[in-house]
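Visitor: Sequence:
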Amino acid sequence: MRPGEKTLLSDLGIADVVGNTHYFRRDLPFSLPADWLLMANQKARLDLHYGFARNLPHGAILLVKVNDETIRLLPLDQNGGEVLPVLPVSFNANLLHPGRNTLSFEMMVPGNPPDGACPVRRADLLAVLNDSSLTIPPSPSMVLPGLAAVLLRLDPSGVIAPEGAIEYKKLAQDAMRIAAKLAPVTEMSGTVRLQVVGLSDFGLVPFEKTDLSLNTVQRVLFPLNDPPQVAAEPAPGGTPAANGRATSTPAFTLVEDADPEAPGQPEDPAAVGGFVRDLWQSFSPSALLAHEYRLLRESSFVGTSQSLPDWLEGRRGQALLLRPDFTERGELWLMLGPGVAPEAIGEALNRLRVASMAQGEAALLQADGSWQVWTPIRPPRMLTVPDAGGMRTALGNYASWSPLLFTLAMLGLTLLSAIPALLYVLLSRRGREER
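Letter by letter, the sequence shown follows residues 1100 to 1534 in my numbering.
By construction, these hints were calculated from the structure, which means they are not laboratory data.
What you are looking at is a predicted structure, and each value in this text was computed from that prediction instead of being measured.
Note that the Cβ used here is the ideal one computed from N, Cα and C, for glycine as well.
Be aware that a few hints might be false.
Unchecked claim - Straight-line C-alpha distance at most 20 angstroms; calculated SDA-like pairs for lysine to any residue: (1) K1268 x K1164; (2) K1308 x S1256; (3) K1280 x W1470; (4) K1280 x G1436; (5) K1105 x Y1122; (6) K1280 x K1308; (7) K1105 x P1128; (8) K1164 x P1236; (9) K1142 x M1490; (10) K1142 x I1170; (11) K1105 x H1121; (12) K1269 x D1300; (13) K1280 x T1290; (14) K1164 x T1106; (15) K1268 x W1470; (16) K1280 x P1255; (17) K1280 x M1490; (18) K1308 x V1472.
Said to hold, decoys possible - Per label pair, the in silico range of CB-to-CB distance: (19) R1428 x S1189: 30 to 40 angstroms; (20) A1271 x N1314: 23 to 33 angstroms; (21) T1290 x Q1405: 29 to 39 angstroms; (22) N1140 x A1114: 29 to 39 angstroms; (23) K1268 x Q1405: 33 to 43 angstroms; (24) G1215 x E1104: 41 to 51 angstroms; (25) L1521 x E1104: 42 to 52 angstroms; (26) N1166 x D1467: 15 to 25 angstroms.
All chains, please: the whole structure from these sequences, using the hints.
Guide: Shown next, in the form of structure tokens:
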């Protein structure tokens, strides 16, 4: 799709959307350029040409969604039986992101009565014509640095095993299986390399360009199992069981422990002193200032101020996707945990590539197939110098990325612009006094 131009659904190769079930959903994919970025409140527009059946039950609705965000709820229980005039639907363009996006139509038609069986209808319930159109506002050539911009250029041929790997043969097979599930790209493909490594070859990853250590990655991807519970040996003179073996300690408790606050239980002075000390440290002026500074920093920018090792602390996953060097735009590393299926990795990479949340520099794959993304504080980057109109849009992106920083910058410029006027007043006043 070309931003700034009205694009019919038929131009995207989409036929009429026809729904004839009481619950119906259709997702229509479309793509935006990799250097398209709008973070302010510009409006995009959907000109919707649709119709629905007559006499649908009360409560029948149609949800129009963009990237799973509802932009319009339309009732379908009145004025049906014909194709309606084109309905303009505006929505925030910042719901969109570079690469693959989705326009969805979700219809729900209850029974009549609602708790009754849904009757069979001979007519279609919904029709969205493919002369409906999308108009996306243009943007200057900008990117929000992170994995998303890199993954958009990752072609299956770029998934490889690093040369010199100890388990090169196995890793090469895993890379081929990951690439088989990875969707191909057509724009700027073949310029990104994703190197797949296992535990034996984690040393090949250039950790020196990050704050990570090999031990940190091993704790995340190879968590130690709890030691097995071994039954305690019975005390001498223990009660033998009926078969002559001693009974083991039961794994349950039927008697409550003594309440430490009950009368007659002396308090531990060390515990009381530690509690008071922790309470004082939590409410000390330095702790409160540090807390407020951290909140201000977290709310002032898009991203987190945590370092990658701090962010990974306490997390567990199956694979870690990392770009060790932020300046290397085409170099990615994928570290695999034990027992993870390469096919599942490829499908998960597809989901990460189309997700707007991938604006980070590291991503941890969870056991349920979802990703957790580490997003450091990094401003948008202009790829080319825009014209006067594009400069206003670019400034809007920077203001949306950090309203506080943009406000301080504007305040600084205002003060600087007032300095010449102040100097003129002072110099002219001095001249009049000398005369």
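Visitor: Decide, hint by hint, whether the structure agrees.
Guide: We went through each hint and held it up to the structure:
no., hint, in the structure
1, K1268 x K1164, "violated (45 angstroms)"
2, K1308 x S1256, "violated (26 angstroms)"
3, K1280 x W1470, "holds (17 angstroms)"
4, K1280 x G1436, "holds (19 angstroms)"
5, K1105 x Y1122, "violated (30 angstroms)"
6, K1280 x K1308, "violated (30 angstroms)"
7, K1105 x P1128, "holds (16 angstroms)"
8, K1164 x P1236, "holds (18 angstroms)"
9, K1142 x M1490, "holds (18 angstroms)"
10, K1142 x I1170, "holds (12 angstroms)"
11, K1105 x H1121, "violated (32 angstroms)"
12, K1269 x D1300, "holds (12 angstroms)"
13, K1280 x T1290, "holds (19 angstroms)"
14, K1164 x T1106, "holds (18 angstroms)"
15, K1268 x W1470, "violated (28 angstroms)"
16, K1280 x P1255, "holds (8 angstroms)"
17, K1280 x M1490, "violated (40 angstroms)"
18, K1308 x V1472, "holds (19 angstroms)"
19, R1428 x S1189: 30 to 40 angstroms, "holds (35 angstroms)"
20, A1271 x N1314: 23 to 33 angstroms, "holds (27 angstroms)"
21, T1290 x Q1405: 29 to 39 angstroms, "holds (30 angstroms)"
22, N1140 x A1114: 29 to 39 angstroms, "holds (33 angstroms)"
23, K1268 x Q1405: 33 to 43 angstroms, "holds (38 angstroms)"
24, G1215 x E1104: 41 to 51 angstroms, "holds (48 angstroms)"
25, L1521 x E1104: 42 to 52 angstroms, "holds (49 angstroms)"
26, N1166 x D1467: 15 to 25 angstroms, "holds (21 angstroms)"
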